[in-house]
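**Student:** For this one, chain A is given, so just place chain B on it according to the hints.
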Amino acid sequence: MNAKEIVARCERLFEDLRFGAVKDWKAAVPGRKAIGYMPIYVPREIIHAAGMLPVGIFGGGDQLEVIQGDAYYQSYICRIPRSTLELGLTGRLDVLDGMLFPSICDVIRNLSGMWQIMFKDKYVKYFDVPQNYDDAIGGEFYVHEMQQLRADLGKLAGREVTDDALRASIAVYNENRKAVRELYAYRAAEPWQAPTSELYLVLRAGCVLPPEEHTALVRAYLAAARAEERPRRDNARVVLTGSFCEQPPLSLIKSIEMSGCYVVDDDFQLIQSWLLDDVPVTGEPLEELSKAFLHRSAATSSKYDEKKEDKGKFLLKQIKERGAEGVVFAAASFCDPALLERPMLQEVLAKHKVPYTAFKYAENTGQMAPIREQAGTFADSIKLWSAA
Amino acid sequence: MSTPIQIVPGTSSPKKPPQAKKEDAMLLQKELINRNYHELATAHETNRKVSATFVPGNLNELLMCFDFARSLPETNALQNGMRKKSGKMIMDAERDGHSEDVCTYVKADLGMMLQGPVGPTGEPLPTPDVLLLSYTGCFTFMKWFELIRQKYDCETVMLHVPYQGDGKISPNMRDYVVKQLKEKVIPTLERVSGVKFDIDRLRQYMRESAKAEEDLVWTLQSAKHKPSPIDGYFGAVYYIGPIFTAFRGMPEATEYYRVLRGEIEQRMREGKGPVTPDGEHPGEKYRLVVEGPPNWTSFREFWKMFYDEGAVVVASTYAKVGGVYDFGFRHDPEHPLESLAEYCLGCYTNLNFPQRIDMICRYLDEYQADGLLINSIKSCNSFSAGQLLILREVERRTGKPAAFIESDLVDPRYFSAANIKNRLESYFQMVRQKRGAGGGARPGLPPVVPAAH
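Chains A and B, in that order, are what the protein sequence lines are.
Quick note on the numbering used here: the first sequence kicks off at 1 and runs consecutively.
Quick note on the numbering used here: the second sequence kicks off at 1001 and runs consecutively.
This is chain A alone, in the form it adopts within the complex (with noise of 0.2 Å):
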């Protein structure tokens, strides 16, 4: 397949809001289940291992007319939990065998609330990470709490989870992450030939795919893209940060490209990329789990930085190792983390003297011209700046 097909086919099941691939996966093999998982981030290496599927939950986009899920939120709560209810309240989230909701921010939290009350038959877990990074305090919390979940899944599966299945899952992930770190570092070696709006599908893809299938997806798409030749322009090469729960439109990633940037990284699948690098298979899988999570994992704003100098740190290594010239903060209206996390960050990269230019969006945002018009601009400034 050609570059354009593979990502015709990840459009495909980005669109499908009623989870066909997963149906399909499930139809496959009797017997099969199914867990959901929604952002930012969780190990799906137990999933695996107890032979389920994790299937990522991202809201509902700009497709999903949102009628029954508004009915429960005020007007100053985000979209995504309104998104996703109505996905549940709609039946597409049949498919599902149980959903994770991991330690984001109160609205996420206080879903897993909401999720047990209204989907009384499904497997419902809050799945908290640590905030203190101490193997022998947070990470022993979290390997208990990864023993829960394991346990759970078991169950459910009506098999025990063994190490074995653990390890061999953790490599299956290890395989996955491997091949989307070459992806994005593709990207930003040569962004036009993989621009994000076709990366961001691919990554969406394995919200639905089994990883070992997404695995090589990727990979096609990456051989694909070096194939094609594609027309070099002279955009600014921008950081894109604070997208890692509720979703930009698909519409606002090209608007963005469009207007003049080529993003060369970004936290949109924040899970894919979560663990920086590989997880050892040998050794007791849970506590090498935690050792990656509590040492080798991403920054983001759900997570506490123990130190002032912490604050800023992951984003001025993007840029460098990236070769930004400047950030783009795009975070969901009314997301606390990215928003209260943002005058931070932005203070860190002032004293950097990098450029940056900060808005907002809904997964349903309609209107691109004010952020075209506004990411072009600080295109062309980035552009003056490096001329002068």
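To be clear, the hints were calculated from the coordinates, so they are not data collected in a lab.
The structure presented is a predicted model; accordingly, all values stated were derived computationally and were not measured.
Accuracy of the hints is not assured; some may be wrong.
The calculated DSBU-like cross-link candidates involving lysine-lysine, where the alpha carbons are at most 35 Å apart (straight line), are [what the hints assert, rightly or not]:
#	chain 1	residue 1	chain 2	residue 2
1	B	K1151	A	K313
2	A	K311	B	K1184
3	A	K291	B	K1151
4	A	K307	B	K1088
5	A	K311	B	K1182
6	B	K1168	A	K33
**Tutor:** Just chain B now, kept in the frame of chain A:
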């Protein structure tokens, strides 16, 4: 998050409201609060270190072991709200780059700091020497102290309190909190203060806490009596002041609750209702349970809308935000660190949704309330996200009418008196109709909710 509590009558409002009637307990509380602000103002002159921490999961007894002067930023924000100062502070913070979408307690606090080191009473409010980040029941806490640290370079120590997602406290959760206390929090507090930790001193404070907690619970539960001698929301924010903030564990707090209990016992004997800012309550017509924090910028106007109609709040979830004591928890000096962990884990906003709904239904039953009112606060997702489901579930389970109003903690732009008054009037009418229809546990009338979102 929204929390808090101590209220000193404002001094800077151009239009002074009539002086509220004060009883001995109120005067005692006022003295405690003023003394605390003075201690904060003079802390560095007297070589005391200053701590800041949040109300839920507030480890006051532990902080006292290190002789810290103790500041609570939520309380500072609400004090500024009561004094009509918070609006400008919030706008200053927004001009300084903070989003209009985020918590106004945070912005009022940052805005206050932008104006210089002056606290709500006009006395200096020093930059804290340590921020004890009790990360309990509110995501925003973490960002709040990161923001303060960024600006003022304060030492920060995190106490991560896991959420009760499964509706229970597991041994793993408790052990995690205890370990953090032993290995992170206490060593940091020792280092910053220069005072060695003495567990017997902690035990002694906790003994005091437990005594005060007994009297607090008695006070709040006195509202089961008809007529209720207290208001369990507007009045309770005064009652919870000392115990949820810088005074739990002090003999003065124990004394405050002893005096308060005596006053309420007297009111019950005399068959009186709650004291309001305008004097005696005009007579109990409606008994309500309230979920959510109050609005502080128009606190008296808001309260008046209730007592003018003869409504008394007999129980509120907000009065449990700094600790849920009415189901048996007491600080336990025999197991001090484990008990502190249990306290933090059990705060109201650390409970999951089914637990919160169970608690409200229980209150409606035990306090013989007519219905539930939710005051949904724009700033506080910890409380507010999902409250419309609480409303539906409580109505479904109890058959009692529920209503929904919206306001904010300290942002005066989000208090619309006319809208709230209209909705309350509709709600009281609904309660009357329901009484006429006989009530009972069955699907109720359609709830009073905002027409559009």
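**Student:** All hints are to be evaluated individually against the structure, with a verdict given for each.
**Tutor:** Hint check:
1. B:K1151 with A:K313: Roughly 17 Å separates the two Cα atoms, so the pair holds.
2. A:K311 with B:K1184: holds (20 Å)
3. A:K291 with B:K1151: holds (31 Å)
4. A:K307 with B:K1088: holds (31 Å)
5. A:K311 with B:K1182: holds (26 Å)
6. B:K1168 with A:K33: Holds. K1168 of chain B to K33 of chain A sits at ~27 Å (cutoff 35 Å).
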